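*Asks:* Residue strings, one per chain:
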Amino acid sequence: MIKGTGDMMSKIILTPKEQPQVPLEVDTILPDTLAGKTIDEIKSMNILYGNTEVELQEFFDVEGESGEDPSELQIEFNGDVYNTKRIGQGMTTGEIVVKGNASMYVGAKMKGGKITVEGDVAGWAGQNMQGGEIVVMGNAGDYLGSAYRGDWRGMSGGKITVHGNAGREIAEYMLGGKIHIIGNVKMLPGIHMNGGILIIDGNVISRTGGEMKGGTIIVNGRIGEFLPGFEYLGVRKDIDVDGEVMQGLFYKFRGDFATKGADGVVYTATAKNAHIVP
Amino acid sequence: MELIKNVPCPFCGTLCDDIICKVENNEIVGTMNACRIGHSKFMHHKDATLYKKPMIRKANGELVEVEIDEAIEKAVEILVNAKRPILYGWSSVSCEADEVGVELAEELKALIDNTATVCHGPSLLAVHDTGYPVCTLGEVKNRADVIIYWACNPMHAHPRHMSRHYFSRGYFRERGRPDRTLIVVDPRESDTAKLADIHLQVEPGKDYELLDAIRAAMKGHKILYENVAGVPRDLIYQAVELLKSAQFGNLFFGMGITQTSAKNRNIDAGICAIEELNEYGGKFTLIPMRGHYNVNGFNHVCTWTTGYPFCVDFATGYPRYNPGETGTNDLLQNKEADAMFVIGADPGAHFPQRALQRMVEIPVIAIEPHRTPTTELADIIIPPAQIGISSEGTAYRMDGVCFTMKKIIDSDLLSDKEILKRMLERVKEIHASESKMESVKEVTSPAK
Numbered sequence: 062m063i064k065g066t067g068d069m070m071s072k073i074i075l076t077p078k079e080q081p082q083v084p085l086e087v088d089t090i091l092p093d094t095l096a097g098k099t100i101d102e103i104k105s106m107n108i109l110y111g112n113t114e115v116e117l118q119e120f121f122d123v124e125g126e127s128g129e130d131p132s133e134l135q136i137e138f139n140g141d142v143y144n145t146k147r148i149g150q151g152m153t154t155g156e157i158v159v160k161g162n163a164s165m166y167v168g169a170k171m172k173g174g175k176i177t178v179e180g181d182v183a184g185w186a187g188q189n190m191q192g193g194e195i196v197v198m199g200n201a202g203d204y205l206g207s208a209y210r211g212d213w214r215g216m217s218g219g220k221i222t223v224h225g226n227a228g229r230e231i232a233e234y235m236l237g238g239k240i241h242i243i244g245n246v247k248m249l250p251g252i253h254m255n256g257g258i259l260i261i262d263g264n265v266i267s268r269t270g271g272e273m274k275g276g277t278i279i280v281n282g283r284i285g286e287f288l289p290g291f292e293y294l295g296v297r298k299d300i301d302v303d304g305e306v307m308q309g310l311f312y313k314f315r316g317d318f319a320t321k322g323a324d325g326v327v328y329t330a331t332a333k334n335a336h337i338v339p
Numbered sequence: 402m403e404l405i406k407n408v409p410c411p412f413c414g415t416l417c418d419d420i421i422c423k424v425e426n427n428e429i430v431g432t433m434n435a436c437r438i439g440h441s442k443f444m445h446h447k448d449a450t451l452y453k454k455p456m457i458r459k460a461n462g463e464l465v466e467v468e469i470d471e472a473i474e475k476a477v478e479i480l481v482n483a484k485r486p487i488l489y490g491w492s493s494v495s496c497e498a499d500e501v502g503v504e505l506a507e508e509l510k511a512l513i514d515n516t517a518t519v520c521h522g523p524s525l526l527a528v529h530d531t532g533y534p535v536c537t538l539g540e541v542k543n544r545a546d547v548i549i550y551w552a553c554n555p556m557h558a559h560p561r562h563m564s565r566h567y568f569s570r571g572y573f574r575e576r577g578r579p580d581r582t583l584i585v586v587d588p589r590e591s592d593t594a595k596l597a598d599i600h601l602q603v604e605p606g607k608d609y610e611l612l613d614a615i616r617a618a619m620k621g622h623k624i625l626y627e628n629v630a631g632v633p634r635d636l637i638y639q640a641v642e643l644l645k646s647a648q649f650g651n652l653f654f655g656m657g658i659t660q661t662s663a664k665n666r667n668i669d670a671g672i673c674a675i676e677e678l679n680e681y682g683g684k685f686t687l688i689p690m691r692g693h694y695n696v697n698g699f700n701h702v703c704t705w706t707t708g709y710p711f712c713v714d715f716a717t718g719y720p721r722y723n724p725g726e727t728g729t730n731d732l733l734q735n736k737e738a739d740a741m742f743v744i745g746a747d748p749g750a751h752f753p754q755r756a757l758q759r760m761v762e763i764p765v766i767a768i769e770p771h772r773t774p775t776t777e778l779a780d781i782i783i784p785p786a787q788i789g790i791s792s793e794g795t796a797y798r799m800d801g802v803c804f805t806m807k808k809i810i811d812s813d814l815l816s817d818k819e820i821l822k823r824m825l826e827r828v829k830e831i832h833a834s835e836s837k838m839e840s841v842k843e844v845t846s847p848a849k
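Sequences listed follow chains A and B, in order.
End of the first sequence sits at 339 in our numbering; the numbers just go up one at a time, nothing left out.
End of the second sequence sits at 849 in our numbering; the numbers just go up one at a time, nothing left out.
Only chain A is shown next, with the shape it has when bound in the complex (with noise of 0.2 Å):
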């Protein structure tokens, strides 16, 4: 059997009845968790409503079948969880995909495998995280691949990649990884960056590298405000960041010098951003 092939995995599909306004939590469902149960054992497993505990058929229909193995298993949420939390939460290996919208913290902490979702995600969508792979289709809210409130070790490995627009503060602390955008971004991204790739296909609105000390950061569309505290280093042809060469002409800055020891890169495409160039 040949891993991560998809079709050769065992799978457990979970189909919302209906989402509640009070929302759900499912920290509880992962590969790691649901490996080595039987279907009805899935099924009375606890997730929260609001706060109270419920057994997951309370919102769920769950089919399938499941694995020994984690690795080797599945878990697909069959519809729209808007409204549901935590998805793939710390989950280390498996698969998740979600046919819809999902809420807050999807692969937060999450350690390895790979989270797919066709809709939209909210905020903080792959915090703190440390490995893996997430592919959100449909837009990311704020705080993508961010660190916890306070803390200053952000994500530090893994990947990320939204094929649609993200909100403020994406790859807040970032120490290492890589999270790719190929829409557009608001304001903030990379703020008190320490290191990673940032990759942004579309606009940012301002503030892009705020209080950055470390990592690299590449606009391939239009910055609309940039920071006084940054150098201007000129232009650059075709740069290589960890081992890809992007191919165009770049302006460089390196900053944020409102940051003691600041040591940062961002380069901006040369054909929409001379506004930036002092």
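It is possible that some hints are incorrect.
As the list claims (entries may be wrong) - Straight line, CA to CA, 20 Å or less: simulated SDA-like cross-link-like pairs of lysine to any residue: (1) K484/B - G295/A; (2) K623/B - D324/A; (3) K274/A - G606/B; (4) K321/A - E642/B; (5) K623/B - Y293/A; (6) K807/B - G431/B; (7) K510/B - P81/A; (8) K510/B - L109/A; (9) K321/A - H622/B; (10) K247/A - H622/B; (11) K736/B - Y110/A; (12) K623/B - G295/A; (13) K623/B - E292/A; (14) K160/A - K274/A; (15) K736/B - L109/A; (16) K736/B - G295/A.
Just so you know, the hints here were simulated from the structure itself, not pulled from any lab data.
Note that the structure is a prediction, hence the values are computed from the model and not measured.
Chain A is fixed; fit chain B onto it per the hints.
*Replies:* Quick look at chain B alone, frame taken from chain A:
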């Protein structure tokens, strides 16, 4: 007529403690030393409605007076049956009441949050990231030679703040005002800005850019652009030189910076700037311009009881915290909340429209002495004896110094703390009888 001296004023975070109240026949008939806002808090506005008895709203929308026991019973029933109740407010009540409130939240598995959520909440988030180099107002008065008011207008919002801590003479500042330099950062030429030696007229919402430039300039780096946030580069260099040569500087900051654009990141950058200014020979500190007289007190109480200052979610039974998810406005606007308890605050007047829409849909309980926009939305209103006027309690000033609020006149009403204690007892009774019922059920029902 009796004169009661050294009364702390239960209005704003300056918590002036030199008010004199004139009392006649158990009524406050006048005050001395208070500002106009403080005076009207003691005296009550001419057209204000002060509730005398608890009230419950009937199906036809009419408020009917009831006995206190009935009001408490009904309020407890709503909260016990809610799946996602919010206990909000806590800023115009005593720390003792706040303490009971936190226990009530834990017992109800509710969310407890105070007015910082629409005020200095972003400052608290920044404090987690960067620390809190604070001092007392007394130190500012006695030592400060440079004072910065950033995005606040104390001449109007904290009317006696400047006279007590800026114009006043201090131990090391014997002449008062002439011994101090005033920097004001404000997009408008406010009455505070008119007094400034340097007025940095920042473009609205561009405080983060200005702070970024100030911090880079402090470390000797050239500011990238000639004009930052509407302020010329040379003026920023000039202000930075002044800051670096200060003996003792203090930053006061208000909601123009906490609640605009980058929010907590503005404060984050501001706190870092203050910390870094301590490296140039002088001493630098900051004090947030807190609004309600005890908004700071709740944050202290909540921190030493739960570990978090506000937005604490007890849904799981233990405290969890993430403003943006567990804030009162988040719960209301996401339509998660299914009951709301308000004490010592007026969300009806201050919350955004979408939050108010949810407040209309769900049962609202208000512990409130006056008729306010919140009581218009409330289903149960319980008037308490007001702290600092008709009951005693502890309050924390904006700098964290605590005061005992005085009881000036008698009242027939229960204090906030007593109301909360009765509610807590009742909730505990209900939970105890429920768990008893469950254990009986377990014994009598056949095994699976």
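*Asks:* Could you run down the list of hints and mark each one as holding or not?
*Replies:* Hints and how they fare:
Between K484/B and G295/A the alpha-carbon distance is near 58 Å, which puts this suggested pair outside the 20 Å criterion. Under the criterion of a C-alpha separation no larger than 20 Å, the hint pairing K623/B with D324/A is consistent with the structure, at around 16 Å. With a C-alpha separation of about 24 Å, the suggested pair K274/A and G606/B falls outside the 20 Å cut-off, and the hint is violated. Taking the CA atoms of K321/A and E642/B, the gap is near 18 Å; set against the 20 Å cutoff, the hint holds.
A hinted pair counts as satisfied when its Cα atoms are at most 20 Å apart, and K623/B with Y293/A qualifies at roughly 11 Å. Distance check on the hinted pair: K807/B and G431/B sit about 16 Å apart at the alpha-carbon level, within 20 Å; holds. This hinted pair checks out: K510/B and P81/A have alpha carbons roughly 18 Å apart, not beyond 20 Å. Taken as a hint, the K510/B and L109/A pair is honoured in the structure, with Cα atoms around 12 Å apart against an allowance of 20 Å.
For the hint linking K321/A to H622/B, the alpha-carbon distance of about 11 Å falls within 20 Å, and the restraint holds. Distance restraint check for K247/A and H622/B: the Cα-Cα separation of roughly 27 Å exceeds the 20 Å cut-off, and the hinted pair is therefore not satisfied. Restraint check: the Cα-Cα separation between K736/B and Y110/A comes to about 14 Å, which is no more than 20 Å; the hinted pair holds. A C-alpha spacing of about 16 Å is found between K623/B and G295/A, which places the hinted pair at or below 20 Å, so the restraint holds.
Proposed proximity of K623/B and E292/A is supported: the alpha carbons are some 8 Å apart, at most 20 Å. With a C-alpha separation of about 38 Å, the suggested pair K160/A and K274/A falls outside the 20 Å cut-off, and the hint is violated. Proximity of K736/B to L109/A is assessed by CA-CA distance (about 17 Å); at most 20 Å being required, the pair is judged to hold. The suggested pairing of K736/B with G295/A is violated, with an alpha-carbon distance near 50 Å, which exceeds 20 Å.
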